[in-house]
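Construct all of the structure, not just a fragment, from the sequences and the given hints.
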Amino acid sequence: MKIFWVGNAYPEALEKFFSETEDMGQSHLSYQNLKEKIDASYVNYFATGWCRALQNIGYETENVVMDAIPLQQLWLKENGIYGENLSSEEILLLQIKKYCPTIVFADDCCSAELLRCIRSEVSSIKLIVGWSGSALAKDPAKKDMFKMLDIVLCCAPESVAFLQKEGAKAVHMNHAFPVEVQALLKKSGIKHSSMLFVGSIIRGKEFHLFREKLLLGLLDELPLDIYSPSISITKKRLLRAALEIGLYDITSLFPNWVAEKILSPLPYIGRICGRKERPVFPINFDLYRQLLPPIFGLEMFDVLSNSDIVLNIHADSSPEFASNARLYEGTGVGSCLLTDSRKNMKDLFMPGKEVVTYESLHDCVEKAKWLIQHPAERKEIAEAGKRRCLKDHTYHNRAAEFDRIIRRTDQYKG
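In the working numbering, the protein residues as written are 29 to 442.
It is worth saying that the hints were derived from the structure and are not from the lab. The reader is advised that the hints may include incorrect statements.
Claimed, not checked - Okay, derived cross-link-like pairs now, BS3-like style, lysine-lysine, Cα gap no bigger than 27 Å in a straight line:
no., residue 1, residue 2
1, Lys-419, Lys-374
2, Lys-166, Lys-233
3, Lys-166, Lys-193
4, Lys-193, Lys-170
5, Lys-264, Lys-233
6, Lys-233, Lys-263
7, Lys-371, Lys-397
8, Lys-397, Lys-407
9, Lys-105, Lys-44
10, Lys-381, Lys-407
11, Lys-241, Lys-166
12, Lys-44, Lys-63
13, Lys-44, Lys-65
14, Lys-125, Lys-63
15, Lys-126, Lys-166
16, Lys-175, Lys-197
17, Lys-30, Lys-125
18, Lys-197, Lys-154
19, Lys-154, Lys-125
20, Lys-63, Lys-105
21, Lys-175, Lys-154
As the list claims (entries may be wrong) - Label pairs and their computed distance ranges (CB to CB):
no., residue 1, residue 2, range
22, Pro-293, Arg-436, 50 to 58 Å
23, Pro-379, Tyr-296, 47 to 55 Å
24, Ser-58, Ile-433, 29 to 37 Å
25, Gly-380, Thr-130, 39 to 47 Å
This one's a predicted model, so the numbers in the text were calculated from it and none came from an experiment. By construction, the Cβ of each residue, glycine as well, lies at the ideal position given by its N, Cα and C atoms.
And the structure:
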């Protein structure tokens, strides 16, 4: 059975990868060789982890990094297609047609229109499967796309319930750890961080408002290294946010009739005064000053493994259930995971024995201090967490589950 896996990677990760490739004089590489280097960097490990695990149970797989523009352009060139104006979705459709898969895994990066084209123009397709994280499940812009999928795998049970209510065929599937990374870690034996956090800090509903509050509170009490893509927010974006906040505050002073009849028709000001909520800065300045550059792929796994404590903070969109990828990244590399308490945690890891959970900022501070002061106990918890992760939470575990799910679908049986 052939599966074509579509994914994206962080723009910062791809920019760094292609810059390093050029510096090493490897810009002459073929599509296949360059693609293998991206896979080997694990910046897109969600796709490569799945594909390698599925290959082990008999699937034939191919994956593309849809937003790796230089790589996609190289594919066009090698296939004799000269279309500088082709969109990323048009290129992807050409790749799927060439590969003739049975299943397309569309992640969450394809539009509903592209899914319609795939279904109507690629006769080999039996199933189109996608993925939703906890926050994206409620994104109105993704609603039609999710409904077009034959199966939506989702890591957060809250989001599964929401998507099912919206008419999507959502099924729960946990994230996993790419076990191959174990052999690639740099095992220097030197710990660089007492505690670290790796992740985005997005100031928006269903995203990371609690995360921001917790990180600010922890910085007042503990040594904490924070690696985040949010450090890449440009000055231009910050200035634009300041301008929008200022305009919103000024236009709010006018009577409603002035806003409706005079200000609303104006191109830029009308959009600002029509907002229902006051704009916010994209990042808290006190937190912004503490951020370190983002890390991805093997570099991220190395840094996680060289930390005594890996802090995990779920998005606001997942208030009940533990569901994010950091659960497995932190435990899989053998660091002690300190994570927010959720009612299903005992089904994933045993609290107090395989991971440590916290209920509040105060509880998080106290437990982090205890872990720092008790290295032997911390190491015991870390090793237990690693054993559990490698036993129950690898992509090899998930591949078998994935296979059972798709074989039960009517489209596959047909």
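Item to complete: Against the structure, test the hints numbered earlier, and report the numbers of the ones violated in rising order.
Response: Result: hint 15 breaks, nothing else.
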